[in-house]
Amino acid sequence: MAAPTLNRADSGSGESDVQTLTISKALNMGLRAAMEANPKVLMMGEDIGKLGGVFRITDGLQKDFGEQRVLDTPLAESGIIGTAVGLAIRGYRPVCEIQFDGFIFPGFDQIVSQVAKLHYRTQGRNKLPMVIRVPFGGGIGAVEHHSESPESYFAHTAGLKVVSCSNPTDAYWMIQQAIDCDDPVLFFEPKRRYYEKAPVDTTKAPGPLFASRVLRSAPSAGAATLVGYGPMIRVCLDAANAAAEDGTELEVIDLRTLSPLDLGPVYESVRRTGRLVVVSEAPSESSITSEIAAKVQQECFYSLQAPVLRVTGFDTPYPPSKLEEEFLPDLDRVLHAVDRSLAW
Amino acid sequence: MSSPEQWTHPEPASAPAATAAKPTAEQVIAGLRATDQGDVNLVQLLTPEGERVQHPDFDIDITAEELRGLYRDMVLIRRVDREANALQRKGQLGIWVPLLGQEAAQIGAGRALRPDDMAFPSYREHGIAWTRGIHPTELLGIFRGTDMGTWDPVKHKFHPYTIVIGNQVLNAAGYAMGQKFDGQVGDSDSEATICFFGDGATSQGDVHEGFVWAAVYDAPLVFFCQNNQWAISEPTERQSRLPLYQRARGYGFPGIRVDGNDVLATLAVTRWALEECRQGNGPILIEAFTYRMDAHTTSDDPSRYRLSDELELWKLKDPIERVKVHLVKQQWADSAYFEEIEAESEALAVELREFCVNMPDPPPERIFANVYAEGNPVLEAQRDEFLGYVSGFAGGEH
Numbered sequence: 001m002a003a004p005t006l007n008r009a010d011s012g013s014g015e016s017d018v019q020t021l022t023i024s025k026a027l028n029m030g031l032r033a034a035m036e037a038n039p040k041v042l043m044m045g046e047d048i049g050k051l052g053g054v055f056r057i058t059d060g061l062q063k064d065f066g067e068q069r070v071l072d073t074p075l076a077e078s079g080i081i082g083t084a085v086g087l088a089i090r091g092y093r094p095v096c097e098i099q100f101d102g103f104i105f106p107g108f109d110q111i112v113s114q115v116a117k118l119h120y121r122t123q124g125r126n127k128l129p130m131v132i133r134v135p136f137g138g139g140i141g142a143v144e145h146h147s148e149s150p151e152s153y154f155a156h157t158a159g160l161k162v163v164s165c166s167n168p169t170d171a172y173w174m175i176q177q178a179i180d181c182d183d184p185v186l187f188f189e190p191k192r193r194y195y196e197k198a199p200v201d202t203t204k205a206p207g208p209l210f211a212s213r214v215l216r217s218a219p220s221a222g223a224a225t226l227v228g229y230g231p232m233i234r235v236c237l238d239a240a241n242a243a244a245e246d247g248t249e250l251e252v253i254d255l256r257t258l259s260p261l262d263l264g265p266v267y268e269s270v271r272r273t274g275r276l277v278v279v280s281e282a283p284s285e286s287s288i289t290s291e292i293a294a295k296v297q298q299e300c301f302y303s304l305q306a307p308v309l310r311v312t313g314f315d316t317p318y319p320p321s322k323l324e325e326e327f328l329p330d331l332d333r334v335l336h337a338v339d340r341s342l343a344w
Numbered sequence: 001m002s003s004p005e006q007w008t009h010p011e012p013a014s015a016p017a018a019t020a021a022k023p024t025a026e027q028v029i030a031g032l033r034a035t036d037q038g039d040v041n042l043v044q045l046l047t048p049e050g051e052r053v054q055h056p057d058f059d060i061d062i063t064a065e066e067l068r069g070l071y072r073d074m075v076l077i078r079r080v081d082r083e084a085n086a087l088q089r090k091g092q093l094g095i096w097v098p099l100l101g102q103e104a105a106q107i108g109a110g111r112a113l114r115p116d117d118m119a120f121p122s123y124r125e126h127g128i129a130w131t132r133g134i135h136p137t138e139l140l141g142i143f144r145g146t147d148m149g150t151w152d153p154v155k156h157k158f159h160p161y162t163i164v165i166g167n168q169v170l171n172a173a174g175y176a177m178g179q180k181f182d183g184q185v186g187d188s189d190s191e192a193t194i195c196f197f198g199d200g201a202t203s204q205g206d207v208h209e210g211f212v213w214a215a216v217y218d219a220p221l222v223f224f225c226q227n228n229q230w231a232i233s234e235p236t237e238r239q240s241r242l243p244l245y246q247r248a249r250g251y252g253f254p255g256i257r258v259d260g261n262d263v264l265a266t267l268a269v270t271r272w273a274l275e276e277c278r279q280g281n282g283p284i285l286i287e288a289f290t291y292r293m294d295a296h297t298t299s300d301d302p303s304r305y306r307l308s309d310e311l312e313l314w315k316l317k318d319p320i321e322r323v324k325v326h327l328v329k330q331q332w333a334d335s336a337y338f339e340e341i342e343a344e345s346e347a348l349a350v351e352l353r354e355f356c357v358n359m360p361d362p363p364p365e366r367i368f369a370n371v372y373a374e375g376n377p378v379l380e381a382q383r384d385e386f387l388g389y390v391s392g393f394a395g396g397e398h
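Sequences listed follow chains C and X, in order. So for the first sequence, UniProt numbering puts the first residue at 1; every next one is plus one. So for the second sequence, UniProt numbering puts the first residue at 1; every next one is plus one.
Chain X on its own, in the form it takes in the complex:
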């Protein structure tokens, strides 16, 4: 094996020794493959065909009612996602960030949380929001431009969406340190924090620093990376030579790869990771291996950078379909049940649509509201001058 020095300081091209020192094309390809295939270490409890399989470390007892609940969550949040996508196409939203394909990763992780646990999302975590008791209408203002999310992050224990890639990982590490400092770590009744980010974010310095901080302070933090294979147009191979979950080893904590399209496996692994954190054995990295079945956002055009064959392949691994098949096979649900969920999802879509089109624009005072907790006389003077100017127009507006 050649040394990195030989790669970075190559001999002139004519020198045979230097040529031999470079990795071969096969070595490079093998390295890349390792990042984009689910490997033998992938934890799976429900196959894409709806077959229940056992895992020696991460099995889970699930009742018919619980599995129906997970199915309902996923169907409803997918319907929300499709409706919001349509609302963008109709001009009712400025942009939408689709979660299509990542329902199992999010519902599995979200349903592993307890009310006292804290969650830090990126901006695609509509499924996590759902599990934190946040009505989907509260997400719309971010994308319509009327607000920046209206939920109370303290009450729901769900941080605001964070758009700068990776920032929230450090914020989550600090919050988890606080849980530890508060004495809330050490047994099964303790609290934990979970932080969501994507494969692209793993290249950000803040994510690496978050790994370092959580590790050296033994913070009760689950790093939940949804590897959906694409950071807008860049494949995971552009972010890493190594499967992402293996990065944890370098920071000194466990990393595990779970089938992110398998809601049962995601639930089981996340529950385990949270429990380890509660006991004081955090942090832990989970890589949920999944796929972004739609565009990065409604402004994106995936046809420019990926093959439709890939999407077709992943459709066979759909996270919802396998649960439906399993429910039928187990006779845990019948067609009346599925119709009932379908009707509920349609009603939710109607509610979302009506709410969205009736959302009022915020008043101009909103520009100046809550910039500071204790006020700022310079800003207040600017506000008063502007509002006075605005009120000079007929009808009080432009």
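Bound-form chain C, shown alone:
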């Protein structure tokens, strides 16, 4: 890995190296590159060593970097986060794996009380360059606590940064950029998309970490804007393809960063289309999608042709998995919202 290129989109030089990778493999390669680039980078988590993690994201890393850099930890999430804080103060750059979204809550206290606040408390004397990786979201037919979308809790907490990747290229580069960041980063991985493939250029970062990205443009009037992140980007792109077949252009924006939000491209888009549908599988109340709706009405008030609509999970606990197809936003629910927006 060429560390200096991490935050610059245009600095790659020489031959490009494009490989077709799954998100899972891209994360694995990104972690490996970060460990090779900086001996202070450590992996910590449950079953991440010999087993390579329950999703195999850390596969082979302990074998190559040793047990002191890839730690199979005791089974306690507060312990993982709390000891990572101490290691970070000591000069390490810990990357913690939380096995499943619903298991992050035993570590919530350490994240909110220490990880988020130590830099502020010490006025910058303690930096917390740590990453907390969280496979999140539903759609895998799992039992309770394995399908949640807890990102809003962390976006609501000052001192943390929160990102989510949606494709293999971002998986490869964003994880390295997050590890390179001197602030603590919650890194949400779309677990139901782990095995989706796409070409990845491993020589050049596509852009900075804390920036949203327009994935599909819709220059003409009569269009609408779709905004999502993580696992919902696939749904948004499928919806845009389906709408295009019916003659409706949808602009699709991948947020990528949930805190800080980078809404410039969203404002720019909404000022052209006048219509916005925000998609997330998290419950809607007091969430990322609420924040976007509030900000867009504030910044794009005179451009809006319809109210900002949201397509989200419901304000319930995550249901038994036989009901998750109804719970999770899908192509039809997104297109239904687009139709309502266009008909307003």
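Don't take every hint at face value.
Said to hold, decoys possible - Computed far set for chain X versus chain C, every beta-carbon distance over 12 angstroms:
(1) H135
(2) S203
(3) L307
(4) A333
(5) E354
(6) G388
Claimed, not checked - If you want a taste of the chain C side facing chain X, the calculated C-beta under 8 angstroms gives, among others:
(7) D64
(8) F65
(9) V85
(10) I89
(11) R90
(12) H119
(13) Y120
(14) R125
(15) H156
(16) G159
(17) C181
(18) D183
(19) L261
Worth flagging that the hints you see were computed from the coordinates, not collected in a lab. The beta carbon of each residue, even a glycine, is placed where N, CA and C say it ideally should be.
Given chain C, work out where chain X should sit, using these hints.
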């Protein structure tokens, strides 16, 4: 002996077997007593009467100059504590957390540390701060509301005060793991970490997880529990059936109870524990058996939950008085010396008072400062909007 299953699934009250299965009142009381009395295993080198006693495992050679130094530390930090308490009563501090009675536990432990060792405090560790070279004025802002502690934790090797009970124990375990990963463990020149927490904290999950982590990674970490008998209003018996130091056995490392009102014993035991950690034999739990002679904080009222007789009993075990008696008996100090220390402590109190009343309020920019290391444009926009709003008032302020 009855089984736990019988206790948790009792037969109806009329069934004699179930009644017999419950612990008797005497058994319960005996269990509680074991937690609140210093037992035969208590390490002590200086009795409350100022008599030097020997201990087979933890003796210490101490010179007159060293003991005078420990005495001075304790007198000064007690004076700081009393002055800060008074400053709260005068409205100059919002709250104060008294250390009265715990001077020996803190000075003994703190003076066992070397500059390269790392210390993680809770929020009552004013004596430890003193031994880490932090001037007491640097503590005041936390309690006046002007900052969250101004010392540099990297330079002083003294972590910020941690107010969420037990959080710092895991942070300390991680730091000690880092010392080990850095190859700084294995001989007498190595580093160690010490972590301070109270009897109440021993019930927190983070403390248990810290025990587990430090144990399985062989971390060079001394867990230093100041059992001051009270977690605000709850006695130690509410936290444990077992004497706290005995918990270490369950995690697979040594636990030891020391007279926390005996500065020599605390120094000796902490030195030993740190040395074991340097050699790679950590972690170790020390329970310093002491007493919180004042309230939990200035907002607390101990008369609602404990008897004054108890305080009177502990006054007889005062940590400073026994050292003074011993210094006199040994003819290691005379009245001129004690007067000199008294004058120094008064001067320090004056310095503290003057510093406190002159502390300026922080500017509104401070709200937004250093939330992030690499900035955040959303927050910066919020800051700029607010500061613009504030500057619109006459004089630039509300």
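A quick look at each hint next to the structure:
no. : hint : in the structure
1   : H135 : 17 angstroms, holds
2   : S203 : 14 angstroms, holds
3   : L307 : 35 angstroms, holds
4   : A333 : 39 angstroms, holds
5   : E354 : 24 angstroms, holds
6   : G388 : 17 angstroms, holds
7   : D64  : 17 angstroms, violated
8   : F65  : 12 angstroms, violated
9   : V85  : 5 angstroms, holds
10  : I89  : 6 angstroms, holds
11  : R90  : 3 angstroms, holds
12  : H119 : 6 angstroms, holds
13  : Y120 : 5 angstroms, holds
14  : R125 : 5 angstroms, holds
15  : H156 : 13 angstroms, violated
16  : G159 : 6 angstroms, holds
17  : C181 : 6 angstroms, holds
18  : D183 : 5 angstroms, holds
19  : L261 : 6 angstroms, holds
The structure fails hints 7, 8, 15 (numbered hints given earlier, in ascending order).
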